[in-house]
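**Student:** Sequence:
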Amino acid sequence: MQDVWSEALRHLGGPTAAGPGGVAEAVRRGLPHDAVDRLERDGFTAAELDRLVLPARTYRHRRQRDEALTPAESERALRVAMIAALAEDTFGTAEKAHRWLRRPLARFDGRTPLDMLDTEIGGRAVEDLLHAIGHGLLA
1 MQDVWSEALR HLGGPTAAGP GGVAEAVRRG LPHDAVDRLE RDGFTAAELD RLVLPARTYR
61 HRRQRDEALT PAESERALRV AMIAALAEDT FGTAEKAHRW LRRPLARFDG RTPLDMLDTE
121 IGGRAVEDLL HAIGHGLLA
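Residues in the sequence shown are numbered from 1 upward in steps of one, following the UniProt record's numbering.
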């Protein structure tokens, strides 16, 4: 589990973190603003990132001022990256992972797994579901 968080952190341009404490410290310090660009290159739309990480206008200000993301924004970006990595690992390709992330599920009252990432509890529910699928417990 921790390796997924550390890999997601590195993917977003954060430092190499040693354990949960290192990941938490990197989030506290704030990820570089280009973490949002990296998520967009990974296939997330600007509208999705606006809703899940930070508003587009705020992002433009961060870029113009070359400011890091806040800890809250960093945590949300890391949540999206970690779930995307876990989904890709579970389904085998980024394309299949993104398709699954955007499919409404009855388990989430018709919301998509991506929709669930707007809260910590929703992110945990998606993570739990991906682990269950990965272990062959659910389809």
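Because the hints were derived from the structure by calculation, they are not lab data.
Misleading hints may appear alongside valid ones.
Distance condition first, Cα-Cα at most 20 angstroms in a straight line; then the derived EDC-like pairs of lysine to aspartate or glutamate [said to hold, decoys possible]:
1. Lys-96 - Glu-40
2. Lys-96 - Asp-34
3. Lys-96 - Glu-75
4. Lys-96 - Asp-128
5. Lys-96 - Glu-127
6. Lys-96 - Glu-25
The calculated label-pair distances, taken between Cβ atoms and stated as ranges, are [said to hold, decoys possible]:
7. Ala-125 - Arg-65: 31 to 39 angstroms
8. Ala-56 - Glu-120: 17 to 25 angstroms
9. Ala-46 - Leu-137: 16 to 24 angstroms
10. Ala-72 - Thr-45: 20 to 28 angstroms
Every residue, glycine too, gets a C-beta built ideally from N, C-alpha and C.
**Student:** Decide, hint by hint, whether the structure agrees.
**Tutor:** Checked hints:
1. Lys-96 - Glu-40: Holds, at about 17 angstroms.
2. Lys-96 - Asp-34: Cα-Cα ~25 angstroms, so violated.
3. Lys-96 - Glu-75: violated, 24 angstroms
4. Lys-96 - Asp-128: Cα-Cα ~18 angstroms, so holds.
5. Lys-96 - Glu-127: holds, 16 angstroms
6. Lys-96 - Glu-25: Violated. Lys-96 to Glu-25 sits at ~32 angstroms, over the 20 angstroms cutoff.
7. Ala-125 - Arg-65: 31 to 39 angstroms: Roughly 35 angstroms apart at Cβ, these two residues keep to the hinted range, so it holds.
8. Ala-56 - Glu-120: 17 to 25 angstroms: Because 23 angstroms falls inside the window, the suggested range holds.
9. Ala-46 - Leu-137: 16 to 24 angstroms: At 35 angstroms between Cβs, range violated.
10. Ala-72 - Thr-45: 20 to 28 angstroms: Given range 20 to 28 angstroms: holds, Cβ gap about 21 angstroms.
Checked against the numbered hints above, the structure violates hints 2, 3, 6 and 9; every other hint is satisfied.
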